[in-house]
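Chains as they are written, first to last, in my numbering: chain A, 11 to 501; chain B, 5 to 1046.
Treat the hints as calculated values from the structure; they're not laboratory data.
Even for Gly, the Cβ is constructed at its ideal location relative to N, Cα and C.
Don't take each hint at face value.
As the list claims (entries may be wrong) - Just some of the chain A residues that point at chain B, by a computed CB distance under 8 Å:
no.	residue
1	Ser44
2	Phe90
3	Pro123
4	Leu126
5	Gly127
6	Ser130
7	Lys229
8	Glu262
9	Ile329
10	Ala377
11	Val448
Unchecked claim - List of simulated lysine-lysine pairs, BS3-like, C-alpha gap at most 30 Å:
no.	chain 1	residue 1	chain 2	residue 2
12	B	Lys839	A	Lys341
13	A	Lys305	B	Lys839
14	A	Lys112	A	Lys229
15	B	Lys587	A	Lys460
Unchecked claim - Computed footprint of chain B on chain A, listed as stretches where at least three residues anywhere in the stretch have a Cβ under 8 Å from a Cβ of chain B:
no.	region
16	98–109
17	458–472
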Amino acid sequence: MKKIIDNKYVLMAIITIVMASCSKIADINYSPNSPSEPQTALLITNAQRQSVPGLIGSITPRHYVQYTSDVIYTQGSRYFDKLFDYSGTYSGPLADLNLVIKLNTDPETKSEPYVLGGGSNANQIASSRVLRAFIFLNATDRWGDIPYSEALKGEEELTPKFDLQKDVYNDIFKELTEAVAQFDAAGTLKGDILLGNSIPKWKKFANTIKLVAALHLSKIDAALGKAKFNEALASGVITSNADNIKYSYLLEAANENPIYNNYETAKRYDYAVSKYFIDTLTVTADPRLPVYADKTATGTYAGMPYGLAAGTGYNSGTIAVPGNVSLIGSKFRVQNAPTDIYNYAGVLFAVAEASKLGWITGAPDDAAAKTAYDAGIAASMSQHGIAGAAATAYAAQPSIVYNPANAIAQIIYQKYVANFMCYSYETWADWRRTGFPVLVPAPAAYTNPKAIPRRQAYNSQEASLNTANYNAVVASQGPDELLTRIWWDKP
Amino acid sequence: MRKIMSLLPVLLLLCTFAFGQTRTVSGTVKSTNGGPIPFATITENGTKNAVTADANGAFTITIKTGSKLTISSVGHESFVLTPGEGVQTVSLNTGGDLSEVVVTTALGVSRSKRSLGYAAQELKGEQLSQTKQYDLNTALAGKISGIQVLGGSGAKFGTSTLRIRGINSINGSAPPIYVVDGVITSAANVNTDDVATVTVLKGPAATSLYGQRGEQGAVVITTKKGSRSKGVGVEINQSTTFEQITGLPEYQNEYIGGYTQNWSHFTYNPATDAPALSAMNGARYIDYSGDESWGPRIDGLPYAPWYAWNKWDPDYAKQVPLVAHPDNVKDFYEIGIAYNTNVAISKAGDGYSTRFSFTNITRTGITPNSKQNKNYLAWNISVTPFSKLTISSTINASFTKRNAVPDEGYSQQTIGSFNQWFHRDIDMAKLKNYKNPDGTFTSWNIGGPRNPSPKYWDNPYTEVYENLNRSNNSTLFGNINATYSILKNLKVGFNAQGNYASAYADGRVASGTLVLANFNTAQSRGRENTYIWDLTYDNKFGENFTLKAAGYAEMRYIRNENINESTVGGLTIPGYYNIAASKDRPTVSNSFSEKQTKSIYGYTSLGYKNMLFADLNLRNDWSSTLPADKNSYLYGGISASFVFTELLKNKNILSFGRIRGSAGRVGSDTDPYLIHQVYTFNGFYGSTPSMTIPNQIPNEELKPAISNAYEAGVELRFLKDRIRTDFNYYDRKIVDQIISLTLPATTGFSSALVNAGEIRNHGIEITLGGTIIKNKNITWDADFNLAKNINEINELYPGISNFLFGSFGFSGSPAITANREVGKPFGTLIGIGFKRNAAGEILVDNDGYPLTQNNVNFGSFLPDYTGGFTTMFNFKGFYAGLSMDFQIGGKYMSITNMFNDYSGLAAETAGLNENGKPRRDDISTGGGTLFNGIVESTGKPNTTYADTQNLYENVLFSLWENWVYDATFVKIREVSIGYNLPSKWVSKIGGQSGSFSIITQNPWLIYADSKKIDPSQLEGTWNEGGQLPATKSLGFNLKIVF
């Protein structure tokens, strides 16, 4: 018996030794593979790199507004794609921006070296708010009502509701106003690959976003739109081509222009310039056409008829061996070709439209509108290196000269041409809002009736993971379809 | 307790007492087939003096001079030996009392099967290696109840996994552990030639001693050990098998490549075209860039094939008659050949036994240029330096080299895409010319007459000969075990185990091919060390009681290191396949992870009259992957077994019967580095680095997951064990699982690591076996098994009733999803389905196209029933064996089938329609396809023909219901027919025995819903795309024992 007891002691001793060493084994569970501290400068870089190129480089709105058309696989230009997914934007760049704001706000972290490495607290917060507003504006313009006030809260809110677009707009205006005021001119900003850490540029970017968003309200809430438009103008928007807000691609595969990727990396040559666009520029002998498009094998400019059931008979060729439809011009398809988000011409056309709407002086002002309109054309020509005479000759054509009776159509058309291959979700928003330019829907459209999309549908995750809120938004906003109009899109 | 202890000195006394007129006899117990019989009992007749042979059948016993010995072993007839001089070899005939079958249970403990409170099915090595099946999991198919083999195409040299008793985790199914002589390794490292026994342990009661790693079940393997033999102890085994593809879809051979039936005509332009092309003026050609086969009708008239535009081709600028090439896909594939050579040397003597085996398997695959070379080395040694100490060691090494093993999947280039994107008029022989003298590549899918370079697809031969991949894996695993008998019934042991793996792989996209040139490499090293101390007590009390108990302390350490590198942006020097050639900054990542667990555990097993048994086991683990205050967890199991036939006097009809029951619990942890917040480095913008917050929310409060299982069974045998049945019921529930909870991404995260959920699997397993004929010349055995598993998700997370397991779809259109929905079985497939009326009939529109509705539930991908049938027939020296397996129920979605139709490749897209008109003709002229259904607007059966191409390309595309199939299948897996060579033949070459057999694998897929796809070889869990073709093989095997 005694022996057994002895054994028990031995066993107890073993257990004690094992257990004592066991509480320490958790120490090896810290990953050496990932940084444990968030460097805000790097988060800022990531948020910009993972959001902006995707939003401004998307081929989808370029198809919608018929800048481009698919050549062989035509589904993309026939509105086959219905569901569009914002998941990666919320869990990627938006989550990063929120973390930057949180780290710069929380008293416990705001003075940490890994936070201050991103610049002053105020500048990091303000620039993050501006970019966040830009991303949310893009989202609400595409889907309408979006998860906003309850979004990005992690486990605190597992099923974020959809906020009305109207409320999203109001908050975006508020955010932009506050952000502009928050920038701290003496402080720095780091990791900003978009605007080169320039605080003045960020302010112009913020005001331009506000200007553009305000104009979206021209039909639904002109009073609010007018107020915000003037606020933005007064605070300072883009005032020259040198101010253009653009995303710069680089001479490296990881950060290359998407058209370059399609043409030269993947060698797919999926897209050509659309027939509508080439034809309309040809009719007006637009000197920008050689910049915008390549010649075909026969030495002419020919667009790809938009939205055919199949591309039989059409051949995009390659850069070296052109086919029978025009490729997108080299200025927009070299590896590091930048893409404009907002350019000076676009802002001038916005001012021209606002003048015509009577937003600036309180009454429709054709003189101011014409001035801005002409300046817009000139800015676009100069941006594309078109010399004075050619530009003047173009602008002097009767159909181009400002005509008060047809001003909105002219302004939007010029904005459309000036913004070729720029941030085309904005061009699509102009088309939805004004109906210009007048486009013929894809003959082989998948939409029923055959029509150009007026919004994009939510990803299927919302229906399966956030069902109650999804059902509620469908009930209030209308069918989750491409042809449902969003709040500001009034006939 | 006092009484038990007092017995010890008595026994010790007995041992010493016997000296005087004694002698020592040592020997080996073997079965008639030459293999060792482990753990036989050797009893000195007329006394209680008995010893147990070791695992290799070796024994040493001290007896009175002149005594006889009785050697008995489960499953064998007893044998009385009059010991002669020297080392004894005893051969026991199989047969005898089946109720004493010994099986290997958790931790390699050999247990009498009758004492187990849970189901444990064991297979002998011969049952696995009958047809020289290289893949352990595939070799188990149909032979063990309650398992599902998830296979892969033979074109990839076999990569199957096992699913035991359904999906036991909300995270999805995980493979069981493979335990070879106590060492946990992967199935790929197991050489079926070296396997002595395999036991599949299916539930926590059986596996809880393995701890959390046995959570999904355990496949416990013992390898062959050295044995004494009459001859030199060398066994040579050679097999050669030939493998070919089976089950290609039925293709149409009426229409060629292109999108429309219209021809284009070439107009020669003397200003820009090469002079040779003047011969082609007016030639008919198709849209080569279209990778579908909706082109013109085959008419035997001249046309310009793709190679007519290639100036290097001998048929440049020539037109050829347009004829069908019905076997073009088949022509691409080759006959794969596998040579399997195994040499084993086995030797045993006084105080030692050893076995060394070497196996080489050299295979060429069915896709050109694919090769695999595999070498296995296995060494077993056991030494008893003095009677109380045994030291044994097992060392296994495997080396695998692979070359150009094809990838499969929807988006893979070329291979596997013949059924998705191809032209039916391609002459494979012309494609073999894949490279031009100037270094450019040819393809069937070219830009056009004036741009004959590849458009969307490279030549399949470019893919196999230029876009190479290769890999090299080495694994070394083994153990060293020392057991010392402190007292007669008490042993102390130490076991050190190690598993070391290193792997290298690289792949390339060749310079000048369609896609940007690339070179990538991956290297990994892994090590796992385990140290176990144990104390084992084994005794018999009086006539009636047996007690076995053991305690263990274990420490395990796992470390993995990985380096992955890839060039970016192309190669600076074409053809220089090295990371240094990267045009842009190469992507390089490395990772290191380590994990440690410490455990103490033990079991006691009490037996009464060899009739009633009770077991208890307990285990406590500490894991490094859980928070420090929650990293300790205790679990265990109890079980009981009652052999009620021991109470029967008359066993003529019911020869054996027992009931058993068990309850088990197992706790589990998670992977390293999941609980603390970290950030992810996310590449560069130029020289500017970036980082992001990971998409999963970590959890510093994570708890271990707990799984509870209950099972009960009855085993009955009739007519002297000629009929054998086993019925088992189990019920397993897992709560508080560690799951990666899918969140709506608008929360800012796509998942959170939480403890949540409850998933239940319950079901039955039935085995029925019989010896149909047994006489002097013939034995014929047959075994059948069937299992039904019911899976249900009871709970997920508060406020969450569903989350996705997977989805597949094309950007912009609704995907088909595999769901985890509360109240439903795991993996229900939901997607766009046909709109149906109240009677369930498909509704069509006025144009004759089917109408759709969203969110149709197609059912779960899990099968309802799985099972198999094996039979073995012996007639004198001849033997024949067959194994079949089947699955009933379960769904899968086939992307291959969808594109097979979409691209106009499938037979059903051509031919004549119900009106006797070509279905590809315009509907206005009587063509088209009649889609069976009821017209919604009229309620009458549809009579309007739909345009065939539009139907498949636009209407049925992404209409998931049309592409969801039943995964039910019945197939014959293996057949072997052999002959034991007469010893007079074999002895001429110095052999002892030999056999020759003809073997075949996968000879016949008897039933499958879609004949295009073998559901037992699905490329994915619930869907497949571009699946490689199934294969079958035929060969022969020659075995000689010297």
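Against the structure, the hints come out as follows:
1. Ser44: holds (4 Å)
2. Phe90: Phe90(A) check passes; min Cβ-Cβ to chain B is 6 Å, inside 8 Å.
3. Pro123: violated (15 Å)
4. Leu126: Given a least distance of 16 Å, the restraint on Leu126(A) is violated.
5. Gly127: violated (12 Å)
6. Ser130: This interface hint is violated because 19 Å lies over the 8 Å limit.
7. Lys229: violated (28 Å)
8. Glu262: holds (4 Å)
9. Ile329: violated (12 Å)
10. Ala377: violated (45 Å)
11. Val448: Violated, about 26 Å.
12. Lys839(B) to Lys341(A): With Cα atoms ~49 Å apart, Lys839(B) and Lys341(A) exceed 30 Å; violated.
13. Lys305(A) to Lys839(B): violated (48 Å)
14. Lys112(A) to Lys229(A): violated (37 Å)
15. Lys587(B) to Lys460(A): Between Lys587(B) and Lys460(A) the Cα gap is close to 46 Å, so the pair fails against 30 Å, i.e. violated.
16. 98–109: holds (count 9)
17. 458–472: With 3 residues in contact (Cβ-Cβ under 8 Å with chain B), the coverage given for the region 458–472 of chain A holds.
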